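**Student:** These protein sequences, in sequence, are chains U and R. So the first sequence is numbered by the working numbering: it starts at 1 and just counts up by one. So the second sequence is numbered by the working numbering: it starts at 1 and just counts up by one.
Fair warning: there could be bad hints in the mix.
[Said to hold, decoys possible] In the DSBU-like style, the derived pairs of lysine-lysine whose C-alpha atoms are separated by at most 35 Å in a straight line are: (1) R/K329 / U/K77; (2) U/K77 / R/K260; (3) R/K149 / R/K77; (4) R/K260 / R/K22; (5) R/K77 / R/K22; (6) R/K239 / R/K302; (7) R/K239 / R/K120; (8) R/K238 / R/K329; (9) R/K120 / U/K77.
[As the list claims (entries may be wrong)] Covered, in the sense of this in silico footprint (three residues per stretch, anywhere, with C-beta under 8 Å from a C-beta of chain U), are these stretches of chain R: (10) 13 to 23; (11) 114 to 126; (12) 218 to 232; (13) 269 to 276.
It is worth saying that the hints were derived from the structure and are not from the lab. None of the values given here were measured: they were computed from a predicted structure. Each residue gets a CB set at the ideal place from its N, CA and C atoms; glycine is no exception.
In case you want the letters, here they are:
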Amino acid sequence: MAINVRIPQPLRNLTGNQSIVPTSGADLGACITELEGAFPGIRDRLMDESGQLRRFVNVYVNGDDVRFMDGLTTALKDGDEVSIVPAVAGG
Amino acid sequence: MSVNVYIPTPFRHLVGNRASVKARGATVREALTDLDTQFPGFNAQLVDTTGRLARHINVYVNQVEIQTLQGETTALKDGDELAVIPALAGGAPTAMTPEMVERYSRHLIMPQVGSAGQRKIIEASVLIIGAGGLGSPVALYLALAGVGKIGLVDFDVVDRSNLQRQILHVTESIGLPKVVSARNTLLAHNPNIDVVTHEEPINSENAFRIIGDYDYVVNGADNFATRYLVNDACYLLKKPLIDGSILMFDGQATTYIPGKGCYRCLYPAPPPPGMVPSCAEAGVLGAMCATIGSIQATEVLKLILDVGEPLVNRLLLYDALALEFRVVKVRRDKECPLCGDNPTIHELIDYEVFCGSPIPHAEAPFGG
Chain U
1 MAINVRIPQP LRNLTGNQSI VPTSGADLGA CITELEGAFP GIRDRLMDES
51 GQLRRFVNVY VNGDDVRFMD GLTTALKDGD EVSIVPAVAG G
Chain R
1 MSVNVYIPTP FRHLVGNRAS VKARGATVRE ALTDLDTQFP GFNAQLVDTT
51 GRLARHINVY VNQVEIQTLQ GETTALKDGD ELAVIPALAG GAPTAMTPEM
101 VERYSRHLIM PQVGSAGQRK IIEASVLIIG AGGLGSPVAL YLALAGVGKI
151 GLVDFDVVDR SNLQRQILHV TESIGLPKVV SARNTLLAHN PNIDVVTHEE
201 PINSENAFRI IGDYDYVVNG ADNFATRYLV NDACYLLKKP LIDGSILMFD
251 GQATTYIPGK GCYRCLYPAP PPPGMVPSCA EAGVLGAMCA TIGSIQATEV
301 LKLILDVGEP LVNRLLLYDA LALEFRVVKV RRDKECPLCG DNPTIHELID
351 YEVFCGSPIP HAEAPFGG
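Throw the hints in and build the complete structure from the sequences for me.
**Tutor:** Spelled out as structure tokens, the structure:
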């Protein structure tokens, strides 16, 4: 099972500059746990102290926001694409 | 039957630069329709939004204005002289001068714009938050397009570090208020428009007053507090908000139409101070401004013209390093405190408290 995770630029310092990281994992929570194993520190950038996704970081599965799906328990399947998109304020 | 049609200078580019052409038809309407068939886009110059001859266009048959004859049903006979004459400056409020017809000719020849659409652009008013990286290309393209009233909100002065990307400002403008420098540049490009300057930081006290005067708002702010403020004010005033943001090699753009989701639906809360860097802290590739700003300007013009599909309920993501554009969904959040089913925000709040960081002002600016 391969699920590609798109890493935004501000987090690529944690992934050795990889913009796409292949993972496996049955749901989004498992996917993030796997990312944390490979790239320690990335979970803190995505989740707050209470274990919830940070409210200025959006995670999309195949283009749909997981906050409107099942959040961290959103199921993943082979071929899914996960995108991490933080708010950006530059103008 | 065949008639001779006199073409005045403003319309000659449409007919191969000829002063006179032939048209066929038993009535004025038929002859004009034939001209449009021969020279696509011709009719769009002549009609208003309802498809009737615009009030600033006079049509003459043998030098008699057709309103004193039978209007567009006036009969023609072989060899008649037809003339299509636009009013010059001083006619109807949005009548185009020959200078404007020539200036906007690449818009006018498109059926999606035409004379009626160009007049909508001329009658439109657009407020741009920030005369910086994004505000510059947005304002410039809207000015070139002929948007009749462009408002600029910025309290900052031009700094040398702005010139790597902020195309409204030039080296000689260093030290000038950005809105003054911007206004000079815009009017040099198109003297037909009004540029209104708001040289103040937008805040909860003045936002309604400033935004209330415009049809559309473009966000080119450089900080989260201003972005939430502008979002809330636009929703509460029912103004479309065309949003864009950039950082390093990444850009985002989307359009919010009141009732179809807002910035709070997309990002419910701002990052804690320091968690997401600003352009001043992390940098931005100057050319990114043009990519995202041009998309914002395009969205504004599409909304004015009511053509195409606006970037509503969609967030456009631009990754310049991969050179990829992707689109993800933006949904209206039923739980949104602003535009949800049971809203709790009914007026502007304290955005500095909400974001944990000050709205930049003249004594403590950052970013740009």
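**Student:** Tell me the numbers of any earlier hints that the structure contravenes, in ascending order.
**Tutor:** Numbers 3, 4, 9, 10 and 11 - these are the hints that the structure violates, sorted from lowest upward.
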